[in-house]
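Protein chains in written order, with my numbering: chain A, 85 to 358; chain E, 57 to 414.
No lab work stands behind these hints, which were simulated from the structure alone.
Remember, predicted model here, so these are calculated numbers, not experimental data.
Any given hint could be a false lead.
[Unchecked claim] Just a few of them, taken from the derived set where beta-carbon distance is under 7 Å, the chain A residues facing chain E:
id : residue
1  : Thr95
2  : Val151
3  : Ala155
4  : Val157
5  : Gly238
6  : Leu241
7  : Asp242
8  : Thr256
9  : Ala307
10 : Trp311
11 : Ala331
12 : Met342
13 : Asp346
[What the hints assert, rightly or not] The following label-pair restraints were derived from C-beta to C-beta distances:
id : chain 1 : residue 1 : chain 2 : residue 2 : range
14 : A       : Gly160    : E       : Arg398    : 31 to 37 Å
15 : A       : Ala155    : E       : Thr245    : 20 to 26 Å
16 : A       : Leu134    : E       : Thr136    : 56 to 62 Å
17 : A       : Pro135    : E       : Ala265    : 54 to 60 Å
18 : A       : Thr95     : E       : Arg409    : 52 to 58 Å
19 : A       : Leu134    : E       : Asp132    : 56 to 62 Å
20 : A       : Glu147    : E       : Arg409    : 51 to 57 Å
[Said to hold, decoys possible] Sample of chain A residues lacking proximity to chain E, with all beta carbon distances greater than 10 Å (derived):
id : residue
21 : Pro166
22 : Val203
23 : His210
24 : Asp298
25 : Gly308
26 : His326
27 : Pro334
28 : Leu338
Backbone N, C-alpha and C fix where the C-beta goes; we use that ideal spot for every residue, glycine too.
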Amino acid sequence: MVGDVREAPGTEWDGHVLLLHRTEGERLAGLTAWVRRGLELGEKIIYTELPLLPGDALVPVLEARGVDAAAAVRDGQLVVLPPEEFYPREGQRVVVERALAEGFAAVRISAEVRAALSVLSPDAVHGVEHRLDALVGDLPMSAMCQYAEADSTGTWLDDAVATHVFGVRQSTFSTSRDLDGLALHGEVDRTNTDVFTAVLSAASRHPSLVLWVDLGEVSYVDAGSCWRLDDATRGFRSSGGHVLLVAPQPPVELTMRMLEVDELPGMHLVGVEQ
Amino acid sequence: MTSTTGPARLHAALLYRTAQELASAAVPFLADGLAMGEAAVLACREENSALLAEALGHDERILVLPREGIYTRTADAIATFRRVVRRQVAAGAPGVRLFGEVPVDQSGDEWHEWHRCEAILNVALGPLPLSSVCAYDRRELSDAIHEGVEETHPALMTPAGPVPNHRYVDPATVLRRTPTTLAGGAEDTPPTLQLVDLDDATRLPELRARVRAALDGSGGPGLLRGRFAAAVAEVLHNALRHGRPPVAVRLWATPTRLVCTVTDSGDGFDDPLAGYTAPGDGFPPAGAGLWLARQACDTLEAFRTGTGFTVRLATGLPGSEPPPTPSSAAAPADTPAARADRARADARQLARRLRKQL
């Protein structure tokens, strides 16, 4: 799911994206795809990072991956700010509007959560995430927040996912918004079932009594994750909500039927094999 | 997945010699249930289902199931009975009375499977509000099958009603002494795929892809290969999660049979009923993977070896899928994408209906 730099990055890198990375290689692959997307669209790219060894800083990393980052810096299209300037007291709207005022049609901003935590408390980080989510809806901009999977568990993961429900990017699993609701992609197993659960829990808190979950791009779901699906949506369904599991691929549909997911109250499996 | 209700109920055997004996035992059993508001389910030979339905006045609460569609494999029979019971209960019945006839006109190997099935049903269906009677025509039974029927039913149905069966044997004991391995010989050849020295669960997506690729190259019906791949994935997951590394996977994919062994270096478990009972409500639920794996392949055996613990899965294939003919090749309207779009259209209709109701 994390972008391959050899392919042209697409719309999966637009909007409010949560990049959950297991390794530094995964993070840099995703970051490179996200930057390339912005450069190709002519957007202003604003980045922040902790003080790093020179070779680990953004520009040389991008250059090593074939992105002409030096030219982008020279042209003012790519800028790396210290965390204090990236997270000003007035809020990030100021940062984005200043970039738009330079004449760029759109802006994209990104940071590792470690950089945010160097100047903000964990609670303040969540506040920024909520405001950023609203900002992405208001302004011509995208934002990508980078979280290490190993450090993202429990309520920290739940809170992170809740502000990026439609933009989760993990190595084998991702989410997007489609015409009817939430769409899932990839494979779900014990290696990412916590993320899967957090996505469904957050999605089922949205103010709608019908939760659309498109499974057409999901190629595998393991047995344990079927249980997590039940658990994550139980409160929603017991309050009268309905979950529509739409267009699962045959192996996924088969697994869900064997696990009796379709028998759960308020759960509707609308499959291609029926 | 669905919570169970009610205590364990009757699981009785009826050994009859004439249709009159069959009816005289079955009709009171089913009529009593109907009088209490329970549902009646018949899964008999067609002529016997018709006989009983008529004797019960064609009560509209009687559900007749095709026996051939139910008694295919143990896991399928369990899954079907669970669904039937849950749906009847959801429709308002306090319980279900099932009267069925397990097919016995089969080879020795297949009888062993049904012998095991009868033992397993005591545990697998025990928590459901289900009372069941399994009818056997005594004239068709060998002594060995007769003995097997008796040791797997806690009660016997008599003209006076059910009585305790003192020949009943604990299901785990029955399973331990009956064989499951069907002849096949696939493992006498080099494996189609061998994965060794596995110890990293984060490699599961890659390992699943390799298993799927090996199965895809084997021919055979795609649905059966997909089911088998799901079973292997769950067992491999369990080995990496609960077993002791290193783990090894060996897969044999022949035109007639899929076999896979997953071996870890630990002691494993010693419960022949594992995977036959619905997973618990724990978090994560214990047994969900084996519950799925049991349903997704023909046989699943678990045993200790000199060096570790092995789970062996096998599924028979009916033969290769014929190549597509011009008329059967996927038409534009029947591609996977088109089927998915139809499902989405159905889901939109359902969503509209649900929103109107809410």
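At a threshold of 7 Å, is the proposed contact between Val151(A) and chain E supported by beta-carbon distances? violated (28 Å)
field: Evaluation of the interface hint that places Trp311(A) against chain E, nearest CB under 7 Å
entry: Holds, about 5 Å.
task = Could you check if Val157(A) really has its C-beta closer than 7 Å to a C-beta on chain E?
result = violated (36 Å)
When you look at the beta carbon of Pro166(A), is every beta carbon of chain E farther off than 10 Å? At roughly 34 Å from the nearest Cβ of chain E, Pro166(A) sits farther out than 10 Å, so the non-interface label holds.
Original post:
Was Pro334(A) rightly flagged as not at the interface, with every chain E Cβ beyond 10 Å?
Top reply: violated (6 Å)
If you take the shortest Cβ to Cβ gap from Gly238(A) to chain E, is it below 7 Å? It is violated, given that the least Cβ distance between Gly238(A) and chain E is near 14 Å, above 7 Å.
Kindly confirm whether 52 to 58 Å is satisfied by the beta carbon distance between Thr95(A) and Arg409(E).
-> violated (32 Å)
Grab the minimum beta-carbon distance between His326(A) and chain E and tell me whether it stays above 10 Å.
-> violated (5 Å)
Next on the checklist: Taking the Cβ atom of Glu147(A) and the Cβ atom of Arg409(E), is their distance within the range 51 to 57 Å?
Outcome noted: holds (56 Å)
**Study point:** Interface hint compliance - Ala155(A) to chain E, C-beta minimum distance less than 7 Å
**Key:** violated (37 Å)
task: Examine each Cβ of chain E, and state whether all of them lie more than 10 Å from the Cβ of His210(A).
output: Holds: least Cβ distance 25 Å, greater than 10 Å.
### Status of Gly308(A), Cβ more than 10 Å from any chain E Cβ
violated (5 Å)
Figure legend: structure checked against the earlier numbered hints; hints not met, in rising order: 1, 2, 3, 4, 5, 6, 7, 13, 14, 15, 17, 18, 24, 25, 26, 27 and 28.
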